[in-house]
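Those sequence lines, one after another, are chains A and B.
Everything in the first sequence is counted per my numbering, starting at 7 for the first residue and increasing by one.
Everything in the second sequence is counted per my numbering, starting at 148 for the first residue and increasing by one.
These are calculated hints, taken from the structure and not from any lab test.
Think of the CB as a built atom: it goes at the ideal place given N, C-alpha and C, for glycine as much as any other residue.
It cannot be assumed that every hint is accurate.
Said to hold, decoys possible - Residues from chain B that keep clear of chain A, each with C-beta distances beyond 12 Å, as calculated:
1) Q184
2) T215
3) A237
Said to hold, decoys possible - Under the rule of at most 27 Å between Cα atoms (straight-line distance), these lysine-lysine pairs were calculated in the DSSO-like manner:
4) B:K253 / B:K217
5) A:K15 / A:K63
6) A:K15 / B:K253
7) B:K217 / A:K63
8) B:K198 / B:K253
9) B:K198 / B:K217
10) B:K217 / A:K15
11) B:K253 / A:K63
Below, each chain spelled out in residue letters.
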Amino acid sequence: DSGVTQTPKHLITATGQRVTLRCSPRSGDLSVYWYQQSLDQGLQFLIQYYNGEERAKGNILERFSAQQFPDLHSELNLSSLELGDSALYFCASSVSSHGTGELFFGEGSRLTVL
Amino acid sequence: GQQLNQSPQSMFIQEGEDVSMNCTSSSIFNTWLWYKQDPGEGPVLLIALYKAGELTSNGRLTAQFGITRKDSFLNISASIPSDVGIYFCAGQLGVGGGADGLTFGKGTHLIIQP
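Only chain A is shown next, with the shape it has when bound in the complex:
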């Protein structure tokens, strides 16, 4: 158990819909990262938040957005969903913003878009 909690574990929805994925980081960790894992693209970095503020952006689509709340949990919002958005979405956390790369991953949220 990494200490990172993600909900929901599985989500099935239709194209055009919007979903929200939730992440609670490990106790004491201030940084939250979101990754997308698909079969053909592997693990892709989406976005990082540190103590409520956006710190780094990766390959995140404009249809996707995220935020980190004062209690440090984070949400990833995916809108106007397309079939290609079907993937595993992982949240990871670390203590600091300028990390060593040592991330603790949750178990992921599996999104299926039909």
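Chain A is already provided as a structure; the job is to place chain B on it using the hints.
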């Protein structure tokens, strides 16, 4: 963005055999890490390397940070059934100052035949 080439893509070995996998990049990284992902789980950090030429062990696992900073190697000695999974290399540009996410390789699937 940076790309990591991880090989082999998959390995079929017998229990007790040694395993070697590697990761190369066209860009220099200041941190190299190796993660393992079990089915239905998020990646878990195995070894982190912070210095070119560094050789680090974690039990039966040994990893090296290439001297050119463009590659890394992971060796597993005397494989056992629980070594089955997907092994990912990851590189990070920043050391103590970078807020960027990790760049992951596409993984090496390790399968152990009875």
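Evaluated hints:
1. Q184: Given a closest Cβ separation of 8 Å, the condition is violated.
2. T215: holds (19 Å)
3. A237: violated (6 Å)
4. B:K253 / B:K217: holds (16 Å)
5. A:K15 / A:K63: The hint holds at about 24 Å.
6. A:K15 / B:K253: With a Cα-Cα distance of about 23 Å, the restraint between K15 of chain A and K253 of chain B holds, given a limit of 27 Å.
7. B:K217 / A:K63: holds (23 Å)
8. B:K198 / B:K253: holds (23 Å)
9. B:K198 / B:K217: With Cα atoms ~12 Å apart, K198 of chain B and K217 of chain B stay inside 27 Å; holds.
10. B:K217 / A:K15: Violated: K217 of chain B and K15 of chain A sit about 36 Å apart, past 27 Å.
11. B:K253 / A:K63: holds (20 Å)
The structure fails to meet hints 1, 3 and 10 from the earlier list, while all remaining hints are met.
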